[in-house]
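Student: Residue numbers (the numbering used here), protein chains in the order written: chain A, 413 to 912; chain B, 413 to 912.
Please keep in mind that the hints were generated in silico from the structure rather than gathered at the bench.
No incorrect hints appear here.
Since the list gives no way to pick out one identical chain from another, each pair is judged satisfied if it fits inside one copy or across any two copies.
Here are the simulated EDC-like cross-link-like pairs (lysine to aspartate or glutamate), alpha carbons at most 20 Å apart as the crow flies:
id	residue 1	residue 2
1	Lys454	Glu641
2	Lys454	Asp639
3	Lys454	Glu531
4	Lys551	Asp784
Protein chains: 2
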Amino acid sequence: MGRMIEPFAPYRSLLRRTAEIARLNGAAELLSWDQETYMPPKAIHYRAEQIAHLAGLTHRLFTSRAMVAWIAACEDHGFPADSVQASNVREWRRLYDRMTRVPARLVEAMQRTRAHAREAWVEARRRSQYSLFAPHLEKILDLTRQMADCWGYARTPYDALLDEYEPGASTAALRQLFDQLVPTLTRIVAPAAARSAKTPRSLIHGHYPIAAQQAFNREVAEAIGFDFEAGRVDTTAHPFCCSPGPGDCRLTTRYDERDFFVSLYGVLHEAGHGLYDQGLPVEHHGTPCGSPASLGIHESQSRLWENHVGRAETFWRHWYPRACHYFPDLARLTPEQIAGAANHVTPSFIRVEADQVTYDLHVALRFQIELDLVESRLKVADVPAAWNERFEKLIGLRVPDDARGCLQDVHWSHGSFGYFPTYTIGNLNAAQLMDSAVAEVPGLDAALSHGDYAPLLGWLRERVHRHGHRYNPQELMRRVTGHPTCPEHHLAHLETRFLG
Amino acid sequence: MGRMIEPFAPYRSLLRRTAEIARLNGAAELLSWDQETYMPPKAIHYRAEQIAHLAGLTHRLFTSRAMVAWIAACEDHGFPADSVQASNVREWRRLYDRMTRVPARLVEAMQRTRAHAREAWVEARRRSQYSLFAPHLEKILDLTRQMADCWGYARTPYDALLDEYEPGASTAALRQLFDQLVPTLTRIVAPAAARSAKTPRSLIHGHYPIAAQQAFNREVAEAIGFDFEAGRVDTTAHPFCCSPGPGDCRLTTRYDERDFFVSLYGVLHEAGHGLYDQGLPVEHHGTPCGSPASLGIHESQSRLWENHVGRAETFWRHWYPRACHYFPDLARLTPEQIAGAANHVTPSFIRVEADQVTYDLHVALRFQIELDLVESRLKVADVPAAWNERFEKLIGLRVPDDARGCLQDVHWSHGSFGYFPTYTIGNLNAAQLMDSAVAEVPGLDAALSHGDYAPLLGWLRERVHRHGHRYNPQELMRRVTGHPTCPEHHLAHLETRFLG
Chain A
413 MGRMIEPFAP YRSLLRRTAE IARLNGAAEL LSWDQETYMP PKAIHYRAEQ
463 IAHLAGLTHR LFTSRAMVAW IAACEDHGFP ADSVQASNVR EWRRLYDRMT
513 RVPARLVEAM QRTRAHAREA WVEARRRSQY SLFAPHLEKI LDLTRQMADC
563 WGYARTPYDA LLDEYEPGAS TAALRQLFDQ LVPTLTRIVA PAAARSAKTP
613 RSLIHGHYPI AAQQAFNREV AEAIGFDFEA GRVDTTAHPF CCSPGPGDCR
663 LTTRYDERDF FVSLYGVLHE AGHGLYDQGL PVEHHGTPCG SPASLGIHES
713 QSRLWENHVG RAETFWRHWY PRACHYFPDL ARLTPEQIAG AANHVTPSFI
763 RVEADQVTYD LHVALRFQIE LDLVESRLKV ADVPAAWNER FEKLIGLRVP
813 DDARGCLQDV HWSHGSFGYF PTYTIGNLNA AQLMDSAVAE VPGLDAALSH
863 GDYAPLLGWL RERVHRHGHR YNPQELMRRV TGHPTCPEHH LAHLETRFLG
Chain B
413 MGRMIEPFAP YRSLLRRTAE IARLNGAAEL LSWDQETYMP PKAIHYRAEQ
463 IAHLAGLTHR LFTSRAMVAW IAACEDHGFP ADSVQASNVR EWRRLYDRMT
513 RVPARLVEAM QRTRAHAREA WVEARRRSQY SLFAPHLEKI LDLTRQMADC
563 WGYARTPYDA LLDEYEPGAS TAALRQLFDQ LVPTLTRIVA PAAARSAKTP
613 RSLIHGHYPI AAQQAFNREV AEAIGFDFEA GRVDTTAHPF CCSPGPGDCR
663 LTTRYDERDF FVSLYGVLHE AGHGLYDQGL PVEHHGTPCG SPASLGIHES
713 QSRLWENHVG RAETFWRHWY PRACHYFPDL ARLTPEQIAG AANHVTPSFI
763 RVEADQVTYD LHVALRFQIE LDLVESRLKV ADVPAAWNER FEKLIGLRVP
813 DDARGCLQDV HWSHGSFGYF PTYTIGNLNA AQLMDSAVAE VPGLDAALSH
863 GDYAPLLGWL RERVHRHGHR YNPQELMRRV TGHPTCPEHH LAHLETRFLG
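With the sequences and hints as input, model every part of the structure.
Tutor: Take a look at the structure:
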């Protein structure tokens with residue numbers, strides 16, 4: 413279905429303008445992708461200028477007086493509340509207000525500060541020396557609070573920050589989620605770790621040539637439905653997924669020749685993101701209804717395919733022969749042992765390497781710390797002490813140095829306060845969506861155990877992907893699963909998988 | 413040296429505006445590069461829209477009323493005639509006039525027609541059926557003549573077309589060049605072919621794994637001075653060189669596992685283009701003085717490194733041990749035999765595969781035909797007959813089908829009339845520049861024979877590259893070599909190399 417011809421002229425103007433912005437944003441996205449994958453090192457300075465230039469251009473196009481006049485005209489026009497048009501206009505208004513409430517000098521100050529903070533963070537982490545990063549974090553935090561004040565909020569500036577990544581999320585609701593989640597997780601960790609001790613991750617260590625990993629990953633990614641005619645996989649140190657345009661979704665992963673899980677689960681995770689992007693309605697490309705609903709919904713898709721599908725024992729029963737074909741080393745293990753290694757639970761320091769049970773404890777810690785920082789209950793200087801104390805309480809390990817503690821993540825150097833909780837929202841959404849899929853799709857478990865992923869993908873396409881950002885994430889979750897994001901499904905999943 | 417702060421405000425505005433245009437053009441260039449290298453097939457439609465959008469944007473930015481007001485103010489201001497500013501203003505004026513003289517509806521008609529013509533040409537060539545392409549060529553030619561009328565010319569519309577690729581070139585001067593060139597070339601072909609019959613190209617046929625070719629090509633490209641920190645090499649069916657920004661020059665080549673010359677001479681050719689781009693003055697990036705002077709100057713750089721350096725016997729004496737290291741198969745031949753195979757002369761049908769002696773005969777044929785078309789002495793329907801008759805006269809072979817005849821090149825389907833002669837201008841310029849280099853750089857031959865390419869590159873940097881388009885190509889040639897492009901140097905080079 414193509415876009416219908418829209419009779420209301422201001423709405424048509426909005427479609428034209430946002431299509432223009434989308435083309436430029438897509439160009440900027442390709443420039444960024446290229447920067448991470450193939451760009452020669454000496455191009456970095458000019459590349460940064462190009463990307464900043466495009467960002468400035470699209471910002472001006474979106475915040476122009478014409479734009480807000482069209483939005484206002486559409487608001488007055490009164491599209492039916494449940495129409496695509498009304499959803500787009502609501503979201504354009506929200507974005508317009510967010511963009512125009514922050515004065516240009518503050519945006520620029522943040523950009524400058526961020527660039528220096530990023531550099532300082534790299535060095536601080538390398539030397540595990542928090543004092544190198546602290547003054548930058550101080551500035552970032554100050555600017556972040558100023559931006560939250562510009563955006564406005566009812567209860568806490570953290571609400572205004574959350575809204576950037578998870579529209580409609582509230583600090584109060586998140587607190588409640590973590591309050592329910594954390595005690596159960598801390599209770600599960602020890603028995604789950606004890607049960608999985610017999611299948612440590614090192615069980616699968618062997619020799620896995622990169623070419624064989626690439627071939628196997630591709631076969632798996634194709635099987636779950638990733639369209640390689642409309643996408644590709646490249647290599648980067650930090651995996652990501654981006655979509656510079658319709659029909660163009662690019663995943664990256666990294667390879668460890670000793671441990672093929674690194675690239676395989678990297679690809680499954682990013683392909684989960686990619687399936688969402690590939691399932692967005694192309695006729696609404698460039699508008700909210702053709703865009704992802706939120707980071708928490710996006711992350712639910714990656715986690716669903718990575719963890720619920722890819723780490724299931726049935727996954728390994730099905731893929732065992734193909735895996736042994738590519739990796740003859742593997743034949744010494746049973747499918748159950750491979751699945752066991754993929755689900756090895758053990759408390760550790762680094763979030764991005766954490767297992768499914770401890771992962772959200774890492775996030776809970778960051779949520780507490782950044783909330784305390786934003787609400788001024790914690791001083792920047794006291795972050796390492798607070799981190800280490802709480803880490804030991806939550807995860808039971810003593811942090812040996814800040815590189816493996818409060819300096820491990822890039823997010824704060826980038827000013828991304830309010831981002832971390834979306835990882836946990838994604839985990840909870842994944843389990844909740846998976847339960848609904850099982851309830852609604854007859855024979856889903858059997859299909860998955862035979863490597864038939866079309867029923868699950870079809871259900872996600874129909875219930876989640878095709879709506880884009882037509883609904884806010886919590887409304888989407890209510891429509892699809894009957895209730896907003898809650899911890900029960902995820903906890904039940906963990907109990908079944910790790911204690912069952 | 414950074415850009416000096418320019419006191420004259422309109423000139424500063426021009427610098428700011430053209431820097432903006434350059435950043436967007438660079439983004440479009442990366443989008444095009446990606447389209448040829450890594451883009452997934454389903455992205456093609458949106459990619460075309462993105463590139464067209466950026467082209468429209470930069471066109472509007474360049475042809476705005478503000479732009480011409482700044483140009484006029486600079487013309488009135490009277491910068492010294494030999495200043496960078498005066499050169500830039502002259503070229504901006506020329507470009508502005510060219511862009512604004514053609515009405516938008518004609519530009520759009522050409523774009524549409526070209527898209528269909530390209531498709532038809534691909535199919536026509538595949539089936540070797542000229543009638544499929546002829547109606548499109550008819551339209552392209554009609555629009556081309558209309559555009560030439562808009563641009564204006566004193567003697568022939570072909571002059572207006574040439575100006576797009578070779579500013580200042582004239583049809584009359586080109587006619588004279590070819591009139592001098594062709595008789596000598598036709599005289600040389602037979603004895604050169606006879607002499608080189610003992611070292612056919614097939615002499616080097618063997619097994620050359622792609623990875624080994626890549627390693628050898630890289631070593632050679634680095635040796636001649638190509639900076640891989642500011643560039644890279646990828647694989648495409650049709651090799652090219654592009655520079656999406658300073659510090660970012662991208663070559664492509666293709667591989668034949670039986671014949672490493674295909675990729676090696678491809679890389680040497682494109683790296684010659686790349687060295688020019690890498691040698692343009694970065695402080696003038698985005699202005700004429702930071703841009704290539706013309707296609708004929710650009711091609712001179714690729715031909716110089718590919719043919720004068722890379723096909724010399726001394727080149728193979730120097731590189732023989734390294735080549736045998738990568739390709740043990742080669743050790744059965746002497747360096748002289750390898751050089752012989754690299755210079756094998758034999759009349760053939762396809763321009764891009766032609767040797768140095770017959771190459772310009774292929775170009776002469778195209779120049780005659782397209783000039784006759786543009787000046788309406790030849791009908792579109794009569795092109796195959798005219799081609800085949802003249803081909804046999806010039807090159808001595810009977811054309812077996814149009815795929816190997818008048819359908820072999822993409823240029824006309826793209827509306828690029830006036831482009832072909834720049835290949836020959838490039839060949840003549842290369843020989844002429846090489847003679848000047850030998851005369852001015854003490855010990856140049858000895859350096860080259862030891863694989864020391866710095867003196868030659870240094871001379872080209874100083875005499876050609878650093879000037880960008882500060883001078884029109886013929887003035888540049890006069891300044892560097894003492895006279896405009898002429899055939900004597902090239903003919904002398906051919907006689908020495910192939911009959912000497």
